[in-house]
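Novice: In case it helps, the numbering used here puts the sequence shown at residues 1216 to 1286.
To be clear, the hints were calculated from the coordinates, so they are not data collected in a lab. Glycine included, C-beta positions come from ideal geometry on N, C-alpha and C. Be a bit skeptical, because a hint or two may be false.
[To be verified] The calculated label-pair distances, taken between Cβ atoms and stated as ranges, are:
| hint | residue 1 | residue 2 | range |
| --- | --- | --- | --- |
| 1 | Ala1257 | Ala1233 | 48 to 58 Å |
| 2 | Trp1255 | Pro1275 | 25 to 35 Å |
| 3 | Val1276 | Arg1251 | 53 to 63 Å |
| 4 | Arg1217 | Ala1244 | 16 to 26 Å |
| 5 | Ala1283 | Gly1240 | 41 to 51 Å |
| 6 | Thr1216 | Glu1282 | 20 to 30 Å |
| 7 | Ala1233 | Arg1284 | 13 to 23 Å |
| 8 | Val1276 | Ser1237 | 20 to 30 Å |
| 9 | Arg1279 | Arg1236 | 26 to 36 Å |
| 10 | Phe1218 | Val1276 | 18 to 28 Å |
| 11 | Leu1220 | Pro1242 | 36 to 46 Å |
| 12 | Pro1261 | Ile1224 | 56 to 66 Å |
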Amino acid sequence: TRFELEAEITDAAGHAHAARRSFVGYPAALEVGLARGDDWVALGEPLEARAVLVDHDGAPVSGRPIEARFF
1216 TRFELEAEIT DAAGHAHAAR RSFVGYPAAL EVGLARGDDW VALGEPLEAR
1266 AVLVDHDGAP VSGRPIEARF F
């Protein structure tokens, strides 16, 4: 989720100063990415997907289990 913070102050001389910053907040330390092989899958056919666990820089993380449920 991207957050934006904006503040405006008035100094003792009456001059207004403003600043804005944005940052990304993550709900978890790691993220699960999915990649599928084919662009199209026919209705009723199985969908094959590969899961990868990555950190916030996009680097793969190994040695951690991934549990997923699809509905």
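Novice: Which earlier hints can't be squared with this structure?
Specialist: Those not satisfied are hints 3, 5, 7, 11.
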